[in-house]
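K.L.:
Here are the chains, one letter per residue:
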Amino acid sequence: MNKIILSICTVLLLSFSAIAQSTVVKGKVLDTYSNEPIPDVEVDIQGSNFHAQTDAEGTFEIFGDAIPEGEQTLILVKAGYVTLRIPVMIASNQTNQLVDILMAVDLAEAEAQIGIISLSEEQLDEDEGTASNVSGLLQASRDVFLSAASFDFSSTFFRPRGYDSESGKVLINGLEMNKLYDGRPQWSNWGGLNDVQRNQLFTMGMSASEYTFGDLAGSTNIIMRASQYRKGGRISYASGNRSYRGRVMGSYNSGLLANGWAYSVLLARRYANEGYNEGTLYDANSFFASVEKKINDNHSLNFTAFYTPNRRGKSSANTQEVYDLKGSKYNSYWGYQEGEMRNSRIKEVEEPVFMLNHYWTISPRTELNTNVGYQIGHTGNTRLGYDNAPNPDPAYYQNLPSFFLANSDGPNYEGAYRAYEKFINDGQIDWYNLYETNILYGGTSRYYLYEDRNDDKQLSANTILNSQLTDNIQLTAAVNYRNLNSHNYAKMLDLLGGNGYLDVDTFNQGDESQSDLNNPNKVIGKGDAFKYSYEMNASQVDAFAQGQFSYSTVDFYVAGKYGQTSYQRNGLYRNGSYPDENDSFGKSEKLNFSTYGAKGGFTYKINGKNAITANGSYFTTPPTMRNSFSNSRQNNRTVIGLTEETNVNVDASYIYRTPFIKARLTGYYSLLQDGSEISFFYADGISIQGRTATTAFIQEVLTDIDKRNVGMELGIEAQVTPTIKLKGAAAYGQSTYANNPELYITSDDFVDPQFFGKSFLKDYHVAGGPEQAYQLGFEYRDPAFWWFGVTANYFSHGYINISPLARTKNFYTDTDGMPFADYDAEKARQLLKQERFDDYMLVNVVGGKSWRLNRQYFLGFFASINNAFDKQFKTGGFEQGRNANYKTLSKDTANDTRVFGPKYWYGYGANYYINVYLRF
Amino acid sequence: MRKFQNIKILSFLFLIGLIATSCVHDDDYSVPDINMEEPNVTVNTDIATVKGMYRGFEPVRIESGDGSNREMYLEGYVISDDESGNIFKQLFIQNAPENPSAGVVISTQATDMYTKYGPGQKIYFRVDGLYIGEYAGLPTIGIRQGTDVGRIEIDDFESRILRSTTKTEIVPTTITLGSVNDESKLATLVKFEGVQFPDNLLGQYYGNLDNTFSVNRKIEDCDGRSVILRNSGYADFKNYPLPTGNGSLTAILSVFGNDAQLMIRDPRDVQMNEPRCGDDGGDPEPPSTDATLVFAGADFEDWNAFIGGLNQFGIKSYATQSLGTGVDNTASLNIATTPTTTDGNDYVFTANAIAGLPNQYSKITFYMKGSSSKSVSLNVYKTDGEYYKFNLGDLSSSATIVSAENNQYNGTINTGGNWVQVTLDLGGLPGVNVTAVGQNIFALKIGKNADYDLHFDNFTIE
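These protein sequence lines map, in sequence, to chains A and B. With the numbering used here, letter number 533 in the first sequence gets 533, and the count goes up by one each step, no holes. With the numbering used here, letter number 57 in the second sequence gets 57, and the count goes up by one each step, no holes.
Rather than coming from a laboratory, the hints here were simulated on the basis of the structure. Misleading hints may appear alongside valid ones.
Computed list of lysine-lysine pairs in DSS-like fashion (alpha-carbon distance at most 27 Å, straight line) [claimed, not checked]:
| id | chain 1 | residue 1 | chain 2 | residue 2 |
| --- | --- | --- | --- | --- |
| 1 | A | K231 | B | K8 |
| 2 | B | K191 | B | K167 |
| 3 | B | K316 | B | K191 |
| 4 | A | K422 | A | K605 |
| 5 | B | K363 | B | K389 |
| 6 | B | K363 | B | K382 |
| 7 | B | K116 | A | K891 |
| 8 | A | K725 | A | K809 |
| 9 | A | K526 | B | K116 |
| 10 | A | K293 | A | K231 |
| 11 | A | K522 | B | K363 |
| 12 | A | K662 | A | K849 |
| 13 | B | K316 | B | K218 |
| 14 | B | K89 | A | K849 |
| 15 | A | K422 | B | K382 |
| 16 | B | K389 | A | K422 |
Derived Cβ-Cβ restraints for the label pairs, each shown as a range [what the hints assert, rightly or not]:
| id | chain 1 | residue 1 | chain 2 | residue 2 | range |
| --- | --- | --- | --- | --- | --- |
| 17 | A | I424 | B | T111 | 16 to 26 Å |
| 18 | A | T897 | B | G67 | 52 to 62 Å |
| 19 | B | M36 | A | P520 | 27 to 37 Å |
In this text, a Cβ means the ideal position worked out from N, Cα and C, and glycines have one as well.
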């Protein structure tokens, strides 16, 4: 170990001593209008690998022995500014001090970003099934294809290269923000902070990042440092009919003051009593503050805190029957109370983040960035509970016409008509009836509103070293540590007029009905914990190192990582179905996972216009906490057959770039192996030998899942005239299961896990957005600061999420272990065919204008209309778990309208978004 | 510059103003006022009148004249309670809280009616347009479904029922098991005194543990009369053991075809804590002279014969022949363990059937002596390989044991140094293997990790 440190030091010293004879190019970049320094501008010497970034004072220095001399071109790039190319004269072996460089704000770009961010943010934190959107990751990308994916494809839940958001890393000031629970970034933790999140460094796919080993879908580091914001303020108001109706935002940045301090603040509010879908309230506030002190030229210390408490009403997935009766905006989760739409499913997130960042310039070529972050808070998801009382869901299958028509004694037309009338005329939660039931009954609540709650505390720390070892070699190394304590429980929110709640499970009897044998038959009140309570403890340590090598025609990199992750559940309740020591109460087995990985890639610059890049990687990741415990609410049992997941990825691109045309064509292949997934649902048609009942609330555990993503993507942009730009993008991919995973189910209704062997999923499509997407568009930018653009986007090959249980032997096996007597293999194939959604085309229109009021003041306006022709389209859906076997499924599909048909989500119809801002 | 300062200030004010006016309702809702007023209805018919419209066979439409649409309301008191799940989609009402003269059941798709229409609740029910009929003899108001009376849809039911502010206690009518066929008591709440579950149900449960089918359990009085108590496989008390004493039972009197049957609302309707009748409390009836040994060497005098008659698993080493310790100083089987002897619930031995067992059998009798910290469980095998289970439970004196659902070792045994007689009641248990010689007939099991020091002797069957 000491040897390693010694050799690193030697290398560092060598690199210091090398500086003395270098050629140096120095300069300062300022804002054209305000004369304020601009930080984080990428400065490149064209055709070489020499580059630098401006610091908080707008200055940059490019070093190196081999800096090309003579007449060269400097390229300056910064999001929100017009890219500059300026000719310079470089003399070797001396310091070349350039005059101050002025960069102008790219108004169209700045406005497009405003619109873009607001477009995608609302879709990022949707409910089950749509939570995996990665578009948030791509916002910072300037790649033609990825901006199409982020701005125009995201409303369809298109997933670039088939990846979920858990395959992408989001960092803020270098600290990873993906949750240990499910591996996904919790976007609403920084929702509404748009004005202070413009500064994002995006790394496409597995290519080299200077912060992290990365992941398949890429990584984004959002820089939220006070000194990195341009001096000035901004006030804006936005209005739309998507997830929120209104947004107000105000922010101010001091820039780096003469005394070395910098600060930045933001205040924002987003709100709606009802968003695009019925009954979806939105109530979000955002607070941000950052203070930074530049201690001296080598040290800066930054403190950043943000707190974005938000509540939003969720929207239900519905069967086609329900949409046909009530329209695509229908949401069964709400009903009127006190004249207000009260939503029974509200998601609340309040998880403030605090971080301290230290930036140490050890030498002009070496920087060390050390960060400590702490996040504390809760997330809650409310729902209605009901015990020994009818299901309050207005769209419950027994309330719909199809149920009456599917009557086993023949269609009940009268009942169907009554159900039709009632559902058409009302079809919402009857809150009054819930109160009435509780009050007239007079005992403990039969109906109650509660919250599935996580109280999390997470500590993160890391340190990232970046060192330019030689002119050609850059070293990046990082060590990360994270520790999470998560308390999960059900919390009573509203007894709806009842007198307390008796905490027993009415679907079980005797001891088994007790949620906590240590404290049986407890009657709880508002605010109390009940049903389940447990802690999850997780810790993760990992390290990564990377070398980037730059030569005149070839750049390449290699990187490796190693990590340790552990999870442990600590049950706080002794569940009546799992009374044994440490089965539900007390600590679970401690799960430990070791992960490692390596990646490498190169860019071959054929000439100034053509380049080829390729990346390859092989790495393992720990299963997420969510997929490690088979039924964490009730017991300590871990998933049988759980192992680290393995990812193999290769991709190659051809890049063509001239002043007129920018294009990229990429082919990719990746294999994600040994995954595990758990789902919970009520199943009908479970055949277990010796058990007569075929219904149960189950946990379905799928292990050894292999998925394959393969395809191509193309982005092309042509600057036809200085004002007109044409663009095109295409994604052609396939995301499929590559094997037949193992499946077993557990339930508190039967003692032992039931193994069903393989689930025959091979070659079924993995659900999630269209696999093919095509875009054609143009953009017009008038020199008088107004612009507009239109894109036409065509989507196809979207697939439904299939039920793995229905693809096991359970499908054709009766409770006696033999196939059903009337089993017909041909019909079974029909029944199990994966539904492919209809193709559709969406047209989006955007435009804006801005005015310069004086030297400092800008007034801007931006508007977009998405899905201008109000196309109705399905963004996703899933087969209901109720039809688990041939018998139940064939019976259900024999009806004209299926009682347990798949449930779908629909995308937004025509929708708009307008933003007005004042900048100073 | 001044002008722009103003813009800044104005726009900040605008921002603050917008924030202040953009309230979204939080989730603190107050409890709405629930209407508790007496409904304003004219009661113009009653249960007896409606029942009187039924002429037998097909259901009859309830109306005040041919084709009339005049509203017809009757009043009644709810006697059913569907919370436990034993009663399902039925609302039983009678015409008075005490000494009713008529009762009827309303058949509906509605569930969980107990929340609003619990026992004792006075209701008004609009009956015109519905049908009166019988379901297997039970007078029922519902809809017409072919030639049967069917369930009223939930919405229709809810639009017809009105809740009075009156809620009173229902006093069940006390009758005897001799008058369960009295039609005037049908669909009313009745009570029986001095009843008990018969001997052969002792150790059984209210419902069916294996599935959700309903079961008929009988109750009997001390005069030998009995009636069916029907328990649903969905009842949440189905795994409660039946009470073993004698006492009262409150139930709704129903009928299925020619058989009267009772339905309880929940086990609080069953109060049986008094001593049973029929038990004389004296010495148990000893085995008769017809009794024969159940298996080879079942008196343990010929140990080799005993060992030779066991199945392939033989006998556990802690079970030995003990000379001079048996009944009348003969030999006995001694089982002696400490908590470390076994860590599983052991089969001590399983014996095969021998020739000459009685084709008609009623019981197995044996003697035992000693003490143990857990109890003993016994299997009596059937010809199909299945077996009946008998658990001795707590045992200190002679006892008659009836079969149970599964093997249990709960309880302790201490006979105080005396021989006691144990009788396994085979009454009503078909298929015991008295024919297939060489196949299992009898097994003795003990619990794990416990102290046993027991002597057994003279296993006989008759």
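K.L.:
It remains to establish, for every hint, whether it holds in the given structure.
P.N.:
Evaluated hints:
1. A:K231 with B:K8: holds, 15 Å
2. B:K191 with B:K167: holds, 20 Å
3. B:K316 with B:K191: Given pair K316 (chain B), K191 (chain B) is violated - Cα atoms ~53 Å apart, limit 27 Å.
4. A:K422 with A:K605: violated, 68 Å
5. B:K363 with B:K389: holds, 13 Å
6. B:K363 with B:K382: holds, 14 Å
7. B:K116 with A:K891: Distance ~36 Å between K116 (chain B) and K891 (chain A) Cα, so the pair is violated.
8. A:K725 with A:K809: violated, 56 Å
9. A:K526 with B:K116: holds, 23 Å
10. A:K293 with A:K231: It holds: about 15 Å lies between the C-alpha atoms, which stays within 27 Å.
11. A:K522 with B:K363: violated, 46 Å
12. A:K662 with A:K849: Holds: K662 (chain A) and K849 (chain A) sit about 26 Å apart, inside 27 Å.
13. B:K316 with B:K218: Distance of about 41 Å is beyond 27 Å: violated.
14. B:K89 with A:K849: Violated - the C-alpha atoms of K849 (chain A) and K89 (chain B) are around 66 Å apart, more than 27 Å.
15. A:K422 with B:K382: Status violated; Cα separation ~57 Å.
16. B:K389 with A:K422: violated, 54 Å
17. A:I424 with B:T111: 16 to 26 Å: About 23 Å separates the Cβ atoms of I424 (chain A) and T111 (chain B), which means 16 to 26 Å holds.
18. A:T897 with B:G67: 52 to 62 Å: violated, 35 Å
19. B:M36 with A:P520: 27 to 37 Å: Cβ of M36 (chain B) to Cβ of P520 (chain A): about 34 Å, so the range 27 to 37 Å holds.
Hint check: violations occur at hints 3, 4, 7, 8, 11, 13, 14, 15, 16 and 18; the rest are consistent with the structure.
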